[in-house]
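Protein chains in written order, with the working numbering: chain G, 850 to 959; chain C, 26 to 157.
Careful, some of the hints might be misleading.
[Claimed, not checked] Which chain G residues stay away from chain C? Per the calculated CB distances, all over 10 Å, these:
1) I857
2) N858
3) E866
4) V880
5) Q883
6) I920
7) K952
[Unchecked claim] Pairs of lysine-lysine residues, derived as DSS-like cross-links and limited to a Cα-Cα distance of at most 30 Å, are as follows:
8) K75/C to K851/G
9) K135/C to K915/G
10) K891/G to K941/G
11) K134/C to K147/C
12) K44/C to K147/C
13) K941/G to K134/C
14) K886/G to K124/C
15) K932/G to K28/C
16) K124/C to K932/G
17) K932/G to K156/C
18) K891/G to K861/G
19) K134/C to K28/C
20) K915/G to K851/G
21) K934/G to K157/C
22) K941/G to K124/C
23) K882/G to K118/C
24) K28/C to K915/G
25) K934/G to K135/C
26) K851/G to K124/C
27) K915/G to K118/C
28) K915/G to K75/C
29) K947/G to K147/C
30) K882/G to K934/G
31) K890/G to K915/G
32) K891/G to K124/C
33) K934/G to K75/C
34) K891/G to K934/G
35) K147/C to K75/C
36) K124/C to K135/C
[Claimed, not checked] Just a few of them, taken from the derived set where beta-carbon distance is under 8 Å, the chain G residues facing chain C:
37) N870
38) K932
39) V939
In case anyone wonders, no lab produced these hints; they're calculated from the structure.
Note that beta-carbon positions come from the ideal geometry of N, C-alpha and C, so glycine has one too.
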Amino acid sequence: MKIRQSDINGIKVLDVEGDVNMDNSQELRAVLKQLVKDGVKKLLVDLSGSNYIDSSCLATFIEMRKKMNEIDGNIYISSVSGKVKGIFEVSKVDTLFKIFSSKKEALEQI
Amino acid sequence: MSKYVFPSDLNYVNHASQKIVDEISPQAIDSGDIIDIKLCFEEAFINAVKHGNCFNRELKVNVEVVLYENSVGIFICDEGDGFDFENCPDPTKEENLEKTNGRGVFLIKKFMDEAKYDNNTKCLFIRKYFKK
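All chains should be modelled from the sequences, with the hints used to inform the complete structure.
Right, dumping it as structure tokens:
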């Protein structure tokens, strides 16, 4: 898994590439936790480069949503497709997040 | 039929699931099937290490893969006290939706065609029929 960070119009964007599973979700969690600690209020995680996630990835997003809520911030997700989308939907975790179809759409609407 | 023995260590998740993927790949043509099997095997392996063997490195996770003409069956067996596979709380219920755990078994039941845990043998059996 690779995580690339950028700042676009006041939004911290994380491009996640590759599988996110038990083996590396702690790494994603650590990055997200640091951003919350740094006071980032608008965070977008783009998953266009990932076609595999597991329950530990969902848990990471849920935990970070809670932490963002505590500082009146928001975490958004974009570009979920295929099996990744299926996992979000079947677990109903998609109902907890504002999920955009693309990064472009997210950056226009956040 | 292939048998594998892994330590109760989550660092072996990728190694173990790669063995399974390598084994099913010649028969599982649909990439979605492969992802489902990889996902559910990894969730089952994690459950065996965490909830079955309680991270006790003295205990092993035993895996048996049986390839049929149109499906694969995988036994994932722990050496612990077992767990209540059938009565895991539904993570999609409103009261559980924001919990950070409890989705592994749910995903296994959703994405496998068969999923049964035997509390006597401490083996979870999962089966997936391949799409043509």
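Tell me the hint numbers this structure goes against, listed in increasing order.
24 and 29
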